[in-house]
Amino acid sequence: MRLRALLDTDALGLRLLGGEDELDRTVRGVMTTDLRDPSRYLSGGELVLTGLAWRREATDSEPFVRILASAGVTALAAGEAELGPIPEDLVAACARHRLPLFAVSESVAFATITEHVVRQVSGERAGDLAAVVDRHRRMMTSGPAGGGPDVVLDLLGSDLDLRAWVLSPAGRLIAGSPDAEPGLPSAVCAALAGEHLAAVRTGRRGPYRVAVGGTTYSLFPIRSSARVTGTAGAPGAPGSRDVRETVLSDWLLAVEADAGDWPAERLDLLEGVTQLISVERDRRDAARTVRRRLAQEVLELVQTGAAPGEIAARLRVAAPVLLPGLGAAPHWQVVVARVEWDGGEIEGGAVAQALLEEILVDPLSSGPEPSDRIAVAHTGEEAIALVPLPAVSSEHDGSEAGLHADTLLAAVRDPLSAGLDEDGRLTLGVSASVHSAEGLRGALEEARHARRVAAARAGRVCAAGHQELASHVLLLPFVPDDVRRAFTARLLDPLRDYDRRHRAELVPTLEAFLDCDGSWTRCAARLHLHVNTLRYRVGRIEQLTSRDLSRLEDKLDFFLALRMS
Numbered sequence: 260m261r262l263r264a265l266l267d268t269d270a271l272g273l274r275l276l277g278g279e280d281e282l283d284r285t286v287r288g289v290m291t292t293d294l295r296d297p298s299r300y301l302s303g304g305e306l307v308l309t310g311l312a313w314r315r316e317a318t319d320s321e322p323f324v325r326i327l328a329s330a331g332v333t334a335l336a337a338g339e340a341e342l343g344p345i346p347e348d349l350v351a352a353c354a355r356h357r358l359p360l361f362a363v364s365e366s367v368a369f370a371t372i373t374e375h376v377v378r379q380v381s382g383e384r385a386g387d388l389a390a391v392v393d394r395h396r397r398m399m400t401s402g403p404a405g406g407g408p409d410v411v412l413d414l415l416g417s418d419l420d421l422r423a424w425v426l427s428p429a430g431r432l433i434a435g436s437p438d439a440e441p442g443l444p445s446a447v448c449a450a451l452a453g454e455h456l457a458a459v460r461t462g463r464r465g466p467y468r469v470a471v472g473g474t475t476y477s478l479f480p481i482r483s484s485a486r487v488t489g490t491a492g493a494p495g496a497p498g499s500r501d502v503r504e505t506v507l508s509d510w511l512l513a514v515e516a517d518a519g520d521w522p523a524e525r526l527d528l529l530e531g532v533t534q535l536i537s538v539e540r541d542r543r544d545a546a547r548t549v550r551r552r553l554a555q556e557v558l559e560l561v562q563t564g565a566a567p568g569e570i571a572a573r574l575r576v577a578a579p580v581l582l583p584g585l586g587a588a589p590h591w592q593v594v595v596a597r598v599e600w601d602g603g604e605i606e607g608g609a610v611a612q613a614l615l616e617e618i619l620v621d622p623l624s625s626g627p628e629p630s631d632r633i634a635v636a637h638t639g640e641e642a643i644a645l646v647p648l649p650a651v652s653s654e655h656d657g658s659e660a661g662l663h664a665d666t667l668l669a670a671v672r673d674p675l676s677a678g679l680d681e682d683g684r685l686t687l688g689v690s691a692s693v694h695s696a697e698g699l700r701g702a703l704e705e706a707r708h709a710r711r712v713a714a715a716r717a718g719r720v721c722a723a724g725h726q727e728l729a730s731h732v733l734l735l736p737f738v739p740d741d742v743r744r745a746f747t748a749r750l751l752d753p754l755r756d757y758d759r760r761h762r763a764e765l766v767p768t769l770e771a772f773l774d775c776d777g778s779w780t781r782c783a784a785r786l787h788l789h790v791n792t793l794r795y796r797v798g799r800i801e802q803l804t805s806r807d808l809s810r811l812e813d814k815l816d817f818f819l820a821l822r823m824s
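Residue numbers (the numbering used here): 260 to 824.
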């Protein structure tokens, strides 16, 4: 869509402050940020929304606008809710870099603008697909752009007398045609999803015919054009990526019929239906972009030890996007997931991110897409989800509110085990609910530790929750910083000083010794040392610290000091 169309939409409350000659620029997405340097999250073509929290003085505007212009941003929209009128230094900087600038009225939420842009851009994509698949024009024009998968499934029922459902890879019911009531039982959904994933992993061509509960179903893959890794391309096409990158995130269309004897024309028609539904899937993925960025920003603040006030500010920005219409600040849970494949050639973080977005459901929500009330980020092999719990959940104690690891595991274990086959593994960790920014760091550590507990168990899909944890490691994030510094200084500073003067590597030796559970031979082998050399170093550690590494209490103190340093 073009900037001019945004300006002409009265409900958005946009006022042009500069860049009138650039209103024919195309908007391909939207991003909300208050980072001083958001370049890592920009790909070009975005309308950037900002509350100006990054601006501390007039000189901050020039570098911020320069970063946006260099990244190919289409326009900047600044809110007036916090600071009032847009400062002149920002107006001037945008004029210098030919970046259109809008003011957003304090009466308009950024979420309103985001939703409008996503809907318009997705509608245009649906129109493009309609031109390509012209023979199914009726479905194209009244499908995803006009009502989501349910409209397409309704057409299947009315025109072809076919009962059909759209399912997630974990067996969650996403949509069903009105004449397909009553809906599929959850056990049947899980069985169909498992059969679908098993067929995909064995390389069979769709549709897959299966019998569940005496009824025959034909399963059609719904493959998104936006791959898990973010690159475009048709899955299954020559040169496409490994099927394991998408098998745990692609939807499926289940039709109550045996497609084995269908003519080619009907099979082509159902292929067009899956393309339509994939457009809706892409629209939902685009809407998740904002939530992913919110999660990434919050988690970066948490992991870098930002002040609780700064984290709380980001949470206040996230709450209206994740829980529209609810004014009260929610409680939060953290879920950590890791997908690992044999061989290690596939990065599991993006796979785990897409999977969490499909399987995490806010238990108190009632909308058609409850998983859209979460925000998931990923780093490397790990995906981390922020799950908001509406304020009403505060009526319960923390052990009762929100997601539970055993419930989550029971819902997804069977179908996902089929997708993981014999070479993949999914482990999940679930924290307790917290109600403040101070508690979020502890919740993240708790979820990560729970995931490690799950990883120690047998099985393709394993989960653990905070209720199962009883370890001093969980207390570390809650120790005040001054106590941390005093404790670690008393134990480790003498060793660090000695290492600086003598290059003795006492601290690495201590870490290895504790990792080897005090085994002299294993530790010496790990460090490539003679056992006598190791004994000398450990003796020097004990001498400098007046501790005895043969005593459990002293080992524990050193372990805690190293973890807190």
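Hints in this document: simulated from the structure, not taken from any laboratory.
All C-beta atoms, glycine included, are put in the ideal place defined by N, C-alpha and C.
You may find that some hints are simply not true.
Unchecked claim - Cut-off 20 Å, straight-line C-alpha distance, at most; resulting in silico cross-link-like pairs (DMTMM-like, lysine to aspartate or glutamate):
#, residue 1, residue 2
1, LYS814, GLU764
2, LYS814, ASP752
3, LYS814, ASP776
4, LYS814, GLU770
5, LYS814, GLU801
6, LYS814, ASP774
Unchecked claim - Taking CB as the label site, the calculated pair distances span:
#, residue 1, residue 2, range
7, THR474, LEU275, 56 to 66 Å
8, GLN726, ASP816, 54 to 64 Å
9, HIS761, GLY639, 12 to 22 Å
10, ALA717, HIS787, 26 to 36 Å
11, ARG749, PRO567, 18 to 28 Å
12, GLN726, ALA470, 20 to 30 Å
Hint check results:
1. LYS814 / GLU764: 18 Å, holds
2. LYS814 / ASP752: Distance of about 16 Å is within 20 Å: holds.
3. LYS814 / ASP776: Answer holds: LYS814 to ASP776 is near 9 Å, not above 20 Å.
4. LYS814 / GLU770: Holds, because 11 Å separates the two Cα atoms, which is no more than 20 Å.
5. LYS814 / GLU801: Holds. LYS814 to GLU801 sits at ~11 Å (cutoff 20 Å).
6. LYS814 / ASP774: 11 Å, holds
7. THR474 / LEU275: 56 to 66 Å: 58 Å, holds
8. GLN726 / ASP816: 54 to 64 Å: 28 Å, violated
9. HIS761 / GLY639: 12 to 22 Å: At roughly 36 Å between Cβ atoms, GLY639 and HIS761 fall outside 12 to 22 Å, so the hint is violated.
10. ALA717 / HIS787: 26 to 36 Å: Roughly 34 Å apart at Cβ, these two residues keep to the hinted range, so it holds.
11. ARG749 / PRO567: 18 to 28 Å: Taking Cβ atoms as reference, ARG749 and PRO567 lie about 26 Å apart, which means the hint holds.
12. GLN726 / ALA470: 20 to 30 Å: 39 Å, violated
The structure fails to meet hints 8, 9, 12 from the earlier list, while all remaining hints are met.
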